[in-house]
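Each chain, letter by letter, is given below.
Number of protein chains: 2
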Amino acid sequence: MALIDLSKQVALGIDIGGTNTKFGLVNHRGEILSKGSIKTDNYEKVEDFIDELYRTIKPLLDEHCQDKTIEGIGVGAPNANYYSGTIEHAPNLNWKGIIPFAEMMTEKFGFPCKMTNDANAAALGEMMYGAARGMKDFIMITLGTGVGSGIVCGGCLVYGHDGFAGELGHTIVKPGGRKHWSTGSEGSLEAYASATGIVITAKKMRAEFPESMMNEYAEDEINSKTVYECAQKGDPTAIEVFRYTGQKLGEALANFVMFSSPQAILLFGGVIKAGDFILKPTKLHMERNLLPIFRGKVKLVFSELDEADAAILGASALVWENA
Amino acid sequence: MALIDLSKQVALGIDIGGTNTKFGLVNHRGEILSKGSIKTDNYEKVEDFIDELYRTIKPLLDEHCQDKTIEGIGVGAPNANYYSGTIEHAPNLNWKGIIPFAEMMTEKFGFPCKMTNDANAAALGEMMYGAARGMKDFIMITLGTGVGSGIVCGGCLVYGHDGFAGELGHTIVKPGGRKHWSTGSEGSLEAYASATGIVITAKKMRAEFPESMMNEYAEDEINSKTVYECAQKGDPTAIEVFRYTGQKLGEALANFVMFSSPQAILLFGGVIKAGDFILKPTKLHMERNLLPIFRGKVKLVFSELDEADAAILGASALVWENA
Chain A
1 MALIDLSKQV ALGIDIGGTN TKFGLVNHRG EILSKGSIKT DNYEKVEDFI DELYRTIKPL
61 LDEHCQDKTI EGIGVGAPNA NYYSGTIEHA PNLNWKGIIP FAEMMTEKFG FPCKMTNDAN
121 AAALGEMMYG AARGMKDFIM ITLGTGVGSG IVCGGCLVYG HDGFAGELGH TIVKPGGRKH
181 WSTGSEGSLE AYASATGIVI TAKKMRAEFP ESMMNEYAED EINSKTVYEC AQKGDPTAIE
241 VFRYTGQKLG EALANFVMFS SPQAILLFGG VIKAGDFILK PTKLHMERNL LPIFRGKVKL
301 VFSELDEADA AILGASALVW ENA
Chain B
1 MALIDLSKQV ALGIDIGGTN TKFGLVNHRG EILSKGSIKT DNYEKVEDFI DELYRTIKPL
61 LDEHCQDKTI EGIGVGAPNA NYYSGTIEHA PNLNWKGIIP FAEMMTEKFG FPCKMTNDAN
121 AAALGEMMYG AARGMKDFIM ITLGTGVGSG IVCGGCLVYG HDGFAGELGH TIVKPGGRKH
181 WSTGSEGSLE AYASATGIVI TAKKMRAEFP ESMMNEYAED EINSKTVYEC AQKGDPTAIE
241 VFRYTGQKLG EALANFVMFS SPQAILLFGG VIKAGDFILK PTKLHMERNL LPIFRGKVKL
301 VFSELDEADA AILGASALVW ENA
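Chains A and B supply the protein sequences, listed in that same order.
All residue numbers for the first sequence refer to this note's numbering, where the first residue is 1 and numbers rise by one.
All residue numbers for the second sequence refer to this note's numbering, where the first residue is 1 and numbers rise by one.
Hints are computed from structural coordinates only; laboratory data are not their basis.
Glycine included, every Cβ here is placed at the ideal spot set by N, Cα and C.
Worth double-checking, as some hints may not be accurate.
What the hints assert, rightly or not - Derived DEER-like restraints, expressed as beta-carbon distance ranges:
| id | chain 1 | residue 1 | chain 2 | residue 2 | range |
| --- | --- | --- | --- | --- | --- |
| 1 | A | Ser182 | B | Glu208 | 52 to 60 Å |
| 2 | A | Phe209 | B | Asn20 | 53 to 61 Å |
| 3 | B | Gly97 | A | Asn215 | 21 to 29 Å |
| 4 | B | Gly275 | A | Gly110 | 55 to 63 Å |
| 5 | B | Thr69 | A | Gly110 | 28 to 36 Å |
| 6 | A | Lys299 | B | Glu307 | 54 to 62 Å |
| 7 | B | Gly275 | A | Ser37 | 53 to 61 Å |
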């Protein structure tokens, strides 16, 4: 009988963002053995991007190949499809149409490659290495430039019949509400709870309240970080920006809870730096919109993973999933 | 090697409603071999109810026991918990608190007993015998006095961490909207899309439009059936009642699709008798609220199961589930 030495197995995790692509070799414990990055938007052709990725990563693989086995490649990317291994019509990437990315990677690297979208990868990372360890039912919400989500039910990621499940950022929280800058939909969660949405809310509110500290900043300096700074200094208008955002987010979360009854909702991404300014109103409005049988049961927590590494860890977790 | 003869296996399916409890012996093909019912609300004590159920069902069991094996009991009931086999604080039943119903049934009948809520049971029935055969991802919405739901992801019912997942009728479709008569929540799907909600909408609209045919009925005659009759005769106000209901339902369905990306949504219950008056606006408003990647992909269909039998079939399907 041959026992498998798990400590010798590593996975290559790759996170493709609109600007940067980060990668790392990760072991079963979630330790990143080496990592690096290349610029995503430098490459007009996906073939050139993969060539450069290979050139950069090959030396790392060679180094670790000596005493470890590379089990596979996991990729988190916008609009990536788990079933087909393709990236489909990703608005923030140079490569248009439907790209057979996983196949191209396997051909180049010689390892099996699995893909999913970035938020699903983040959820897997939390389940494997983070705040969701041991949980079978939770929802991960990523609050960044956009709002993404990864949903785990009964221990498995929910992919849906076509691989595109978990687009909670695009659910409508206020019918006829704020128009989304890119999808055109009215009143979606992303239009309010993303960093982009917070900027819109902040600009509106500072115009209404001339005494707000937010008016000390230039138009292009208003972002969730500067709004947070004003809130910390006690500016009631800036505090109201987060309260309003938290209300919309909390109302949406209540609906999600009544869908899949998760044990926890994990929040992740730049927006959570606002801490209690956003967490408290979110929790309040989630609870008040829940049926009594759901109240007081759902943990609402921030991600435990280091933001810089979470995407790599999550992508690598794809390799271990169902393994 | 002993082959199991599936044709010899039967399951006892029981559907507990607020007024009537229906039961039947069902085989693997979804054929009901015998059936019957007792009054639920005649029994103040759950023990007396179970005694009467046993007295009524025992002769059927004895009859079929001769040449078949009873594999178990499946029960669909309001507020039933799959994990614990309990009925918890069901507002429409006489028995208050938390009732260890499955345990009591097993003790009385001598067969294993599994339970879930009525809408989950209906979803299982559709998956086993109805329009969802072969589907791994679909959502069942029951439009009756209330709005219930059963969600199937990756071939499994979504129960959530506590067994209470799938309360889609209580998700908020219009924040600050119509107050729910029982939960007190504002703007829930059930407040609009249930038979009860339709009556509220119809009464409001007929007051606004004195020329509506709906005004020919007495106050207590207004229900989804009479509104349907007026719509069929071409009354624009009655048609608008269903259009408005369909809009709210369609908006809610769009959000559900972006959660779990199902292959189909199955509608079931008395309200669907309104046919295209409700189906067409529902489909329109679902589609227009979806992200493009989801559009034109989700089948929106009516249940194929006979309404009188569906609940029994669904409950019996619990016995075969994961068997």
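- Task: Hints the structure violates: just list their numbers, smallest first.
- Result: The structure breaks hints 1, 3, 5, 6; every other hint is satisfied.
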